[in-house]
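Residue strings, one per chain:
Protein chains: 2
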Amino acid sequence: MITSKDNEIIKNAAKLVKSSKHRKTAMQFTAEGVRICCDGVRSGYNPYLFLYTASAREKYSDAYDEIKSVSESAYEVSETIFERLSDTKSPQGFFCVFNILDKKKNLYRINKQGTYAGLENIQDPSNLGTILRTAEALGIDGVIMSGNCCDVYSPKVVRGSMGAVFRVPLVIREDFCDCIKGLVNDGISVYGSTPRDAEDITKVQFSGGVMLIGNEGNGLTEEILSTCTMRVKIPMKGRAESLNAAMAAGLLMWEMLR
Amino acid sequence: MITSKDNEIIKNAAKLVKSSKHRKTAMQFTAEGVRICCDGVRSGYNPYLFLYTASAREKYSDAYDEIKSVSESAYEVSETIFERLSDTKSPQGFFCVFNILDKKKNLYRINKQGTYAGLENIQDPSNLGTILRTAEALGIDGVIMSGNCCDVYSPKVVRGSMGAVFRVPLVIREDFCDCIKGLVNDGISVYGSTPRDAEDITKVQFSGGVMLIGNEGNGLTEEILSTCTMRVKIPMKGRAESLNAAMAAGLLMWEMLR
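Chains as they are written, first to last, in this note's numbering: chain A, 1 to 258; chain B, 1 to 258.
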């Protein structure tokens with residue numbers, strides 16, 4: 001049993017929880033909780049590391065067996081150590097480290113008949129988590145993210161996505177604008193959502209393509225908007241100047257797939 | 001200038017921030033931040049009390065004048081006192097107490113041609129805030145809430161609603177089930193959203209009515225579902241077993257008004 005916070009395994013795990021930079025360097029991310037750890041395993045992610053408390057092992061013995069059997073390494077840790085790792089109030093006692101980018105899950109090729117979401121500079125982890133969860137529920141074929149979006153592998157996004165981060169094909173592109181230009185050149189319909197000078201989405205006949213959603217405060221950049229095939233908007237009646245970014249993304253994806 | 005945390009005005013304001021019970025007894029609620037306080041004033045709510053810091057008064061002088069001119073009472077408070085009242089990390093220095101239930105804004109009568117949302121036992125303040133914000137943006141005519149929903153006047157809901165709580169006609173009914181039965185008896189279409197034994201919402205021709213949305217974990221109660229005119233569902237493709245309650249509410253309201 002690991003009981004020291006100075007243990008290298010614990011120090012590394014804690015760093016993965018806290019630091020986006022460290023997640024990028026190590027190419028690993030973390031998940032905490034019985035449901036989300038099982039979700040990762042059932043989605044084909046074998047834990048690089050599985051940490052658990054004695055009480056969790058007893059309480060969730062089936063889940064313990066399931067996760068343990070596919071983990072590269074597994075250690076019992078004391079409750080005190082677990083609380084240090086956890087970013088929740090009442091930790092359940094299961095914690096996994098997964099390797100980033102299981103290549104099978106990655107979005108390599110845009111299918112012309114497929115329906116995708118493109119996210120530019122989404123900053124709020126809870127918005128990103130909700131967008132991924134909704135994308136999965138509605139049946140989006142993949143998500144393209146700009147490099148300046150918040151970290152999709154942060155604990156908040158992993159939890160908020162309800163495990164969709166394990167399953168929705170996604171790609172992060174530092175050259176987001178060039179990537180979108182390339183799609184347009186390949187004849188793929190790219191829709192830019194913006195309240196100004198745009199078609200009402202209920203009047204557009206969608207047959208696949210990419211729906212772009214911009215930053216919470218500023219929307220899509222002009223550079224991106226000018227490359228789109230069409231600008232679209234959600235018709236609004238009330239005074240609230242805009243919907244929350246996740247809600248807007250949900251309605252836009254829904255209309256594309258409806 | 002108020003500098004003591006033992007000042008009765010401050011003690012009462014702090015209690016209104018923290019205690020839903022006290023908000024109910026006092027029939028008052030609070031809002032914090034420049035934008036949300038102005039929003040309340042512009043929506044016809046005259047503050048019962050306006051508290052501000054010297055630096056905020058200087059920095060936001062136009063907003064200060066606007067709020068001050070309609071406030072029943074106003075006091076400068078020290079930064080230390082303000083931080084005690086605030087539930088945000090970097091408070092802007094404006095705080096208002098408003099009276100609950102400006103009768104003009106209240107939902108008194110259901111119009112047969114109107115479109116409404118009915119919320120049963122929604123527990124998460126951020127979901128409730130998002131639902132109200134979305135309801136306003138889409139043009140919902142009013143929201144009926146069951147008595148066991150979380151407090152619509154909590155600081156989190158007020159902030160998350162982006163001020164929609166000031167403007168969307170709403171009513172809280174302790175006798176929610178009887179209320180819904182009454183609407184059905186009056187010939188109003190009442191739709192219960194549930195994943196089981198339900199019509200696909202894209203196949204339903206809506207012309208007004210009430211869309212009922214249930215608790216985050218358990219959905220609508222059987223008692224409510226059995227009184228509905230029709231059970232409806234959002235068709236889902238992906239593995240995420242359900243959408244977030246606020247997202248589901250958004251898509252359902254959107255389809256009714258589309």
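Hints are not guaranteed to be accurate.
Note: identical chains are not told apart, hence a pair may lie in one copy or across any two.
Unchecked claim - With a straight-line Cα cutoff of 25 Å, these simulated PhoX-like cross-link-like pairs (lysine-lysine) come out:
(1) Lys181 <-> Lys237
(2) Lys156 <-> Lys89
(3) Lys5 <-> Lys21
(4) Lys156 <-> Lys15
(5) Lys89 <-> Lys18
(6) Lys237 <-> Lys112
Note that these hints are calculated values from the structure, not bench results.
All values reported here derive from a predicted model rather than from experimental measurement.
Hints versus structure:
1. Lys181 <-> Lys237: Neither: 33 Å inside a copy, 29 Å across copies.
2. Lys156 <-> Lys89: both (13 Å within a copy, 19 Å between copies)
3. Lys5 <-> Lys21: Within one copy only: 21 Å inside a chain, 42 Å across chains, cut-off 25 Å.
4. Lys156 <-> Lys15: Classified as within: same-chain Cα gap 15 Å, cross-chain 30 Å, threshold 25 Å.
5. Lys89 <-> Lys18: both (16 Å within a copy, 19 Å between copies)
6. Lys237 <-> Lys112: For Lys237 and Lys112, only the inter-copy Cα distance (19 Å) is at most 25 Å; the intra-copy one is 34 Å.
Comparing the model with each earlier hint shows a violation of hint 1 alone; every other hint is respected.
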